[in-house]
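Colleague: Take the sequences, apply the hints, and build the full model.
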Amino acid sequence: MSDASINASRAYEDEASFGDYFALLKPRVMSLVVFTALVGLLAAPVSVHPVVGFCAILFIAIGGGASGALNMWWDADIDKVMKRTKSRPIPAGKVEAGDALAFGLALSGLSVIMLALAANVFAGAFLAFTIFFYVVVYTMWLKRATPQNIVIGGAAGAFPPVIGWIAATGTMSVEPWLMFLLTFMWTPPHFWALALFMRSDYDDAGVPMLTVTHGRRATRIHILAYTVLLAVLAVGTAFSGIGGPIYLAVAVVLNALFLHGAWKITRRDEDDSEADNFKVERSFFKLSLLYLFLHFGAILAEALLKPYGLGGW
Amino acid sequence: MALRKEHEIHKRRSGLNKGVGILLAAFVVLIMALTMVKVTSASFKFPDAQSSGEQGEQN
Chain A
1 MSDASINASR AYEDEASFGD YFALLKPRVM SLVVFTALVG LLAAPVSVHP
51 VVGFCAILFI AIGGGASGAL NMWWDADIDK VMKRTKSRPI PAGKVEAGDA
101 LAFGLALSGL SVIMLALAAN VFAGAFLAFT IFFYVVVYTM WLKRATPQNI
151 VIGGAAGAFP PVIGWIAATG TMSVEPWLMF LLTFMWTPPH FWALALFMRS
201 DYDDAGVPML TVTHGRRATR IHILAYTVLL AVLAVGTAFS GIGGPIYLAV
251 AVVLNALFLH GAWKITRRDE DDSEADNFKV ERSFFKLSLL YLFLHFGAIL
301 AEALLKPYGL GGW
Chain B
1001 MALRKEHEIH KRRSGLNKGV GILLAAFVVL IMALTMVKVT SASFKFPDAQ
1051 SSGEQGEQN
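Protein chains in written order, with my numbering: chain A, 1 to 313; chain B, 1001 to 1059.
Quick caveat, the hints were computed from the structure, so don't treat them as lab data.
Be aware that one or more of the hints could be misleading.
Straight-line C-alpha distance at most 30 Å; calculated DSSO-like pairs for lysine-lysine [as the list claims (entries may be wrong)]: (1) Lys94(A) <-> Lys1011(B); (2) Lys80(A) <-> Lys286(A); (3) Lys143(A) <-> Lys80(A); (4) Lys83(A) <-> Lys264(A); (5) Lys143(A) <-> Lys86(A); (6) Lys86(A) <-> Lys1018(B); (7) Lys86(A) <-> Lys1011(B); (8) Lys83(A) <-> Lys143(A); (9) Lys1011(B) <-> Lys26(A); (10) Lys80(A) <-> Lys1011(B); (11) Lys279(A) <-> Lys86(A); (12) Lys94(A) <-> Lys26(A); (13) Lys1038(B) <-> Lys306(A); (14) Lys26(A) <-> Lys1018(B); (15) Lys94(A) <-> Lys80(A); (16) Lys1018(B) <-> Lys94(A).
Derived contacts from chain A toward chain B, CB cut-off under 10 Å, selection only [as the list claims (entries may be wrong)]: (17) Tyr21; (18) His49; (19) Pro50; (20) Val51; (21) Phe54.
Glycine is no exception: its CB is placed at the ideal position from the N, C-alpha and C atoms.
Modeller: Given below as structure tokens:
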């Protein structure tokens, strides 16, 4: 076999597959976007044709995925340093950075225009703003500049239920912003718990995570503070137009568990965490995933039961 | 060197090509369905061709 053919076969091995392009869209983040946007759309007091609703959720998801691709394009340098991200398509050498940029920009344009056509212009404009916020404000500007990066980045991840609501109604009201705040306030404790047991990753990449800039003690206190504020907000939402008895029961149980977890994290020191390989922090992180899913699930249940006279107050 | 038809690169790219093809076909069907829903909805109105024509003549 000649050198040329060996080099050629290596190049083919590194060629991007369909799955690599799909991975650029951050499918796990996209699943959260789809679910929360769907809840926003269905909780709105307006019925939407199923085809229009499907298109709206699809294009919101594609917009979320496009911003993920643009995030990976910009962050390729730090992604290859961190264990958690070094197997992503760009640092793994499967997709060229320029291809990811083109892919992200094309899908951004497609999703915004199609959402404006399928639902309404307000929804399309809001999706465009969300992509801009995540890519430019969070990824390019604040992620590497401030330890509050997670707090600000959380806003971008919290917009989908608002877009879903606007896609259905064409207007804004208090309820979608309560859903926004639920995700917004949930994001810091969720990511800081992750940062507690993935510290070296962020250290190596030079990302100013709170654990790096202010230390682990301060991070634990921040987790508790945000969890207390989140609990007040989450339980209070039960008495709004999207709440009801099911939501209240879910919120009370989950917030009691979440507060208990945050309290345990605050009381621990580094020796305790190292000794059991961050057992409490890891279980708090897992609970946080269930926490958000069940809160939005309860809002969805209230909305779906309303036509039968069961949901809401 | 010319690539033979059964070269490995064809196998590697076939998955990507098929995926893109299926997505494009699905997109066409989706736009078709969306158009049908929009034009059959009660709120849909065709643009008033006659009045826009008159406006054109005035200009």
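Colleague: Decide, hint by hint, whether the structure agrees.
Modeller: Hints versus structure:
no. : hint                     : result
1   : Lys94(A) <-> Lys1011(B)  : 16 Å, holds
2   : Lys80(A) <-> Lys286(A)   : 25 Å, holds
3   : Lys143(A) <-> Lys80(A)   : 16 Å, holds
4   : Lys83(A) <-> Lys264(A)   : 27 Å, holds
5   : Lys143(A) <-> Lys86(A)   : 18 Å, holds
6   : Lys86(A) <-> Lys1018(B)  : 28 Å, holds
7   : Lys86(A) <-> Lys1011(B)  : 27 Å, holds
8   : Lys83(A) <-> Lys143(A)   : 18 Å, holds
9   : Lys1011(B) <-> Lys26(A)  : 26 Å, holds
10  : Lys80(A) <-> Lys1011(B)  : 29 Å, holds
11  : Lys279(A) <-> Lys86(A)   : 24 Å, holds
12  : Lys94(A) <-> Lys26(A)    : 15 Å, holds
13  : Lys1038(B) <-> Lys306(A) : 27 Å, holds
14  : Lys26(A) <-> Lys1018(B)  : 21 Å, holds
15  : Lys94(A) <-> Lys80(A)    : 13 Å, holds
16  : Lys1018(B) <-> Lys94(A)  : 18 Å, holds
17  : Tyr21                    : 8 Å, holds
18  : His49                    : 5 Å, holds
19  : Pro50                    : 9 Å, holds
20  : Val51                    : 5 Å, holds
21  : Phe54                    : 8 Å, holds
Against the hints set out earlier in the document, no violation occurs for any number.
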